[in-house]
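**Student:** Given the sequences, and given the hints that come with them, work out the whole structure.
Here's the letter readout for the chains.
Protein chains: 4
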Amino acid sequence: MSSQFGNRLKVSIFGQSHGDAVGVVVDGLPAGFHMDKAALARFMARRAPGGTLATPRSEADTPRFLSGLVDGVTCGAPLCAVIENTNTRSGDYADLSDLPRPSHADYPAAVKYHGFADARGGGHFSGRLTAPVCVAGGIALQILQKNGITVGAHIASVGDVHDTPFDPVALTADDLIAPAARTPAVLDPTAGEAMATLIASVAGDGDSIGGVVECAAIGLPAGLGAPLYDGIENRLAANLFGIPAVKGVEFGAGFAAAAMRGSEHNDPYRRAGMGVVTATNHAGGVLGGITTGMPLVVRAAFKPTPSIAKEQTTLRLSNGELDTLTVRGRHDPCVVLRAVPVVEAVTALTILDMLLEEKGEITV
Amino acid sequence: MSSQFGNRLKVSIFGQSHGDAVGVVVDGLPAGFHMDKAALARFMARRAPGGTLATPRSEADTPRFLSGLVDGVTCGAPLCAVIENTNTRSGDYADLSDLPRPSHADYPAAVKYHGFADARGGGHFSGRLTAPVCVAGGIALQILQKNGITVGAHIASVGDVHDTPFDPVALTADDLIAPAARTPAVLDPTAGEAMATLIASVAGDGDSIGGVVECAAIGLPAGLGAPLYDGIENRLAANLFGIPAVKGVEFGAGFAAAAMRGSEHNDPYRRAGMGVVTATNHAGGVLGGITTGMPLVVRAAFKPTPSIAKEQTTLRLSNGELDTLTVRGRHDPCVVLRAVPVVEAVTALTILDMLLEEKGEITV
Amino acid sequence: MSSQFGNRLKVSIFGQSHGDAVGVVVDGLPAGFHMDKAALARFMARRAPGGTLATPRSEADTPRFLSGLVDGVTCGAPLCAVIENTNTRSGDYADLSDLPRPSHADYPAAVKYHGFADARGGGHFSGRLTAPVCVAGGIALQILQKNGITVGAHIASVGDVHDTPFDPVALTADDLIAPAARTPAVLDPTAGEAMATLIASVAGDGDSIGGVVECAAIGLPAGLGAPLYDGIENRLAANLFGIPAVKGVEFGAGFAAAAMRGSEHNDPYRRAGMGVVTATNHAGGVLGGITTGMPLVVRAAFKPTPSIAKEQTTLRLSNGELDTLTVRGRHDPCVVLRAVPVVEAVTALTILDMLLEEKGEITV
Amino acid sequence: MSSQFGNRLKVSIFGQSHGDAVGVVVDGLPAGFHMDKAALARFMARRAPGGTLATPRSEADTPRFLSGLVDGVTCGAPLCAVIENTNTRSGDYADLSDLPRPSHADYPAAVKYHGFADARGGGHFSGRLTAPVCVAGGIALQILQKNGITVGAHIASVGDVHDTPFDPVALTADDLIAPAARTPAVLDPTAGEAMATLIASVAGDGDSIGGVVECAAIGLPAGLGAPLYDGIENRLAANLFGIPAVKGVEFGAGFAAAAMRGSEHNDPYRRAGMGVVTATNHAGGVLGGITTGMPLVVRAAFKPTPSIAKEQTTLRLSNGELDTLTVRGRHDPCVVLRAVPVVEAVTALTILDMLLEEKGEITV
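Protein chains in written order, with our numbering: chain C, 1 to 364; chain R, 1 to 364; chain Y, 1 to 364; chain S, 1 to 364.
Read the hints as simulated data drawn from the structure, not as lab findings.
Since the model is a prediction, treat every value here as computed from it, not as a measurement.
Virtual Cβ for every residue (Gly too), placed ideally from N, Cα, C.
Any given hint could turn out to be false.
Claimed, not checked - Keeping only pairs whose Cα atoms sit at most 30 angstroms apart, straight-line, the calculated DSBU-like set for lysine-lysine is:
id: 1; chain 1: C; residue 1: K359; chain 2: C; residue 2: K37
id: 2; chain 1: R; residue 1: K146; chain 2: R; residue 2: K359
id: 3; chain 1: R; residue 1: K146; chain 2: R; residue 2: K37
id: 4; chain 1: R; residue 1: K359; chain 2: Y; residue 2: K359
id: 5; chain 1: R; residue 1: K359; chain 2: Y; residue 2: K146
id: 6; chain 1: S; residue 1: K37; chain 2: S; residue 2: K359
id: 7; chain 1: S; residue 1: K37; chain 2: S; residue 2: K146
id: 8; chain 1: C; residue 1: K37; chain 2: C; residue 2: K146
id: 9; chain 1: Y; residue 1: K310; chain 2: Y; residue 2: K146
id: 10; chain 1: C; residue 1: K359; chain 2: C; residue 2: K146
id: 11; chain 1: S; residue 1: K146; chain 2: S; residue 2: K359
id: 12; chain 1: R; residue 1: K310; chain 2: R; residue 2: K37
id: 13; chain 1: C; residue 1: K359; chain 2: S; residue 2: K146
id: 14; chain 1: Y; residue 1: K146; chain 2: Y; residue 2: K359
id: 15; chain 1: S; residue 1: K359; chain 2: C; residue 2: K146
id: 16; chain 1: R; residue 1: K146; chain 2: Y; residue 2: K359
id: 17; chain 1: Y; residue 1: K359; chain 2: Y; residue 2: K37
id: 18; chain 1: C; residue 1: K359; chain 2: S; residue 2: K359
Unchecked claim - One side only, chain Y facing chain S, incomplete, derived with CB under 8 angstroms:
id: 19; residue: D160
id: 20; residue: A253
id: 21; residue: S263
**Tutor:** Shown next, in the form of structure tokens:
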């Protein structure tokens, strides 16, 4: 019943795609952190619409901070950031409340909210709501960095085009940061080109396509998390499913582990200097909900954008007749392109929440 | 930081594998429900150890209800059920706190709890903790049934042996109930035989193997759930990751959706009598975190049991030297066999929680 | 660690007294409610500064709704309302971070936030934060009204001047609404005059004075609430202590009950038409955390405003020397005057939260 | 909707007065704490029934620990303690579901739970449920002690007999511990004798009487807590209202502050060695929800036991007729006598929860 997540760091998202603004309240940020606004702007730019492969809707997405900062430094009070919606064209969506778009939330939202949901542009269900998530997550990434933790993501696949996966054992901060400098955000530029070609082709067909984002974090201490229902897998999975279009989440070997034998899957412990590592990392850095100290590796599967230019048949709810629907508006042929920083944001916020919860005070 | 889940129906699990008892407190059950103890016993029996494919540890697993019932009827007060641990052999585990088993929680738990974790049999991280989950879930299944909702699961795969998947559109209560009558719990008996053969072979090698459980629910009303972070996917994923060995969760087409086009993946709305259905159900019954009224379909990937009879090398923490480890104790070569009712239990508890939250009062 | 309250209706407050804005996010409002903006403005006006007895700081306090509404009707998405701070004079507070005002949160906040707390005007601890609470509460009051529940409050006492108490048995909606039309908000105009005289005298001394607000609700169904830790007393008390300056909360006979005998205090049940009432209402409408159906009666004690014009001695933290402090800024000599609608707001939000939680769907 | 409290330290209470057992699950205790069972038994004995002034119901109340301990040391897993109900006489309560006792929860519970509440001995609403609270709280007191924090309480008043109040400035550990050695638990033995005489007289009349418990904690660091809704006042008040019969909670000067002037109430800061203290402590050690480092002082008002031997008239629900009621069973004429350790337990648990939340790791 809630557009918020977090135990000690509470992130509360508000706004509708074509309302006045979208925004976020972040409660529990440590005081004394000096936000790097330029770095935040660069992070936000990675999610921003634009480019030949993404929606032509163009908005600066510059957050205005209403609270929580004094001279750019966190003061311990909840931080509220607001992004005004300046470029909405609600007329594009006039008919959607009666003619629900297939595989979008229009229909279940109409049922749940008794016809009062804001159907314009998907309302509160829109990918636009990931902009404020990135404001909060961009700040979390900076704080984690100060605590020796780096989070990064790349596009693991679009359709059947696959990028090189992260090396779950030898992953470096450079590997994590590299994809952000490329469009699409991949490790292997050749795979990126193939993805771009595929997306252009799909877009040319008036269609869309899904993909997978792989995210990892290094520098996590061992021992972070909890057994059973409040561990890092539980919380990160729950939060990642809060990104529109995510339909699957897996850690480490994930679904592939289901086809493996124990002798193959088990990660043997080894000594590394004074520390303990594992020779492989099928666990994705988590055992029993608790970090092992190895890189945390998680993947989120995104379905293809449901809003496609192709004509579709759907049901006109008011008369129960089949009708044709052509979705206008501006839509990404592949949300995965812009989802990469969003996955990083959610992962960073989840880790920061757990770090604050278990360490009490951290470096800012 | 918590072995509990649920918003309005709070399920709190306690116990260690080789402690005195395991148990559960369920807070928020509606009053006036007459528990069918025989049906609950049958449900518990599906999870119980035994059979040629499972651990030889044999315990009756009969819960004792300490509270919450008056003459077998829920009274509104928290229900506490306790299952005594009668057949523990802690000697089997004496060395494990220094010699962590690969891919088990021994090592991160030792770090988190500063060496004080109960290492015997996995302690609080053991699959044994799923017994009290099944007590709570078995009750939830009965209450859901009274509200027209049926939940069932089957083994979708063991290794590379696949069962027929649930039909996500035409699924019936009979389909959901059928696997429970078979060992292994499958839709297609031929697949079940192949699974049994594979597991026997793997066990013979002193090894283990992973698998996938597919679970579905029918009879859910459309409109149940919430956008963003507290929807049915968030909550069910979080809770399913609370089952030991789960490494991936997906809804509907899940990871396969990442390779699909929108025109292929979108589920067209159709009229069915007075209601609204979709012609396909790639969504797995959830859009924007809210039920569509179509069958809810979720799959959980289980890694292979980390405790294998084969000799493994691991690290002796006290001296940092490599050492060989032969896990004794009693372990399932494939936890998926016994995980089927556990997945049903967690799914039922999650749905019941949401139903209570949104409907306030339900049929008991 | 959190500036929010509520289980199903989550109210999240943000802002600092002299920052850009204060505001609120309300998550969980039922969809389809048509907000009466004029009534909300009248409610807000009761809290607004001004008048001869209150702070001369004058701000329109008109909320801007950034989300949650479509054409003035709730759409189910979180509602965000922002009130810009237009009339701040931070210079008044320049020295306070080093020279903490006695009995204000300056010092503990400086410790907790390592010197980074926003000290200007009390920052996030300021009574200014009650403005967004009143936005949320004003909406809750309207929704409760549609469900037959009326909430109202009056000043029970200022210093040793006492108003007539609410009649806890025969209380009517007229009684509840009447005080709002008076300044100060009392039942007995004579008591109000005496209070005004006292406050003027205290203000003339450069001093301040405390008081008690009594709040009641009628129309509550019996059976709302829960035993032990999540009942109406627990939740309402917790939330009322969230109003700056509250130091005590009591229900029904409250502290006076401690001096009573059971035979005197017990409220005998009586029949009233088809219903059940009590002949007296020392319980204040709550037994075992659950409503009895009788009027809910709660009182909150407010300490005198710590910011007084009189010179005080305090500690200069930087050198540990005693120093004199003269608080400038604009301060109410008696916060109780403006706290009346705030107590109503918090009470209404708490009740609405419980109503939504237990009834699922309510009238809008 | 929940019989639990706590953010990071979750305390979940279960049981009914005349069911099989009462108990508690405590999730989040730090690992490695060696419980002093003898000290716990002594603490439990202070709450135990018996003595000439209390109910003649006599039970050993020895908890059995089902989980969370290995060789008496906490292992990080949830601790479950169960106290069997050995001495129940349900026949005493046979008629109460139809003939609700005035000012007990019988009637609202019957409404809420549709007639299925366990009416025997008050069921889940009984003072018996404070026994498991004391198990958890007794452990919390021991852990706090290791962190330099001492919590103690005394009977501030019974009827109109008042004990000497705690000195809120100069309070020592000896002051806090002293009352526990006396019966009744007072600072001034003369006041204790007067209370005993009064209670004996009231009991002789077949009546009961209320009272106030004052509790304090010393050794708290400054800076613990949070503004607005999750501070120490909010949380402690909410939890104290979870003790049956509590009708009011106040901190520091509390309701008396409402009659004070700011110049009188404000606590001036003073230097003490390297630290900061206040010359008076009307704040009761809390400003803005955050500890000041001065003694925390809280008082809880208890209503008179509603179960009195005197004949009362009440309503027979089944026919709506007035009827006479003579409560049999065994009841304390003044619950305050046995409530002293319960208030300590709840206070200790609340403080420990906040300490764990903010410090992450503490001394065990």
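**Student:** Are any of the numbered hints broken by this structure? If so, which, sorted upward?
**Tutor:** Checked against the structure, the hints that fail are numbers 9, 12, while the rest are satisfied.
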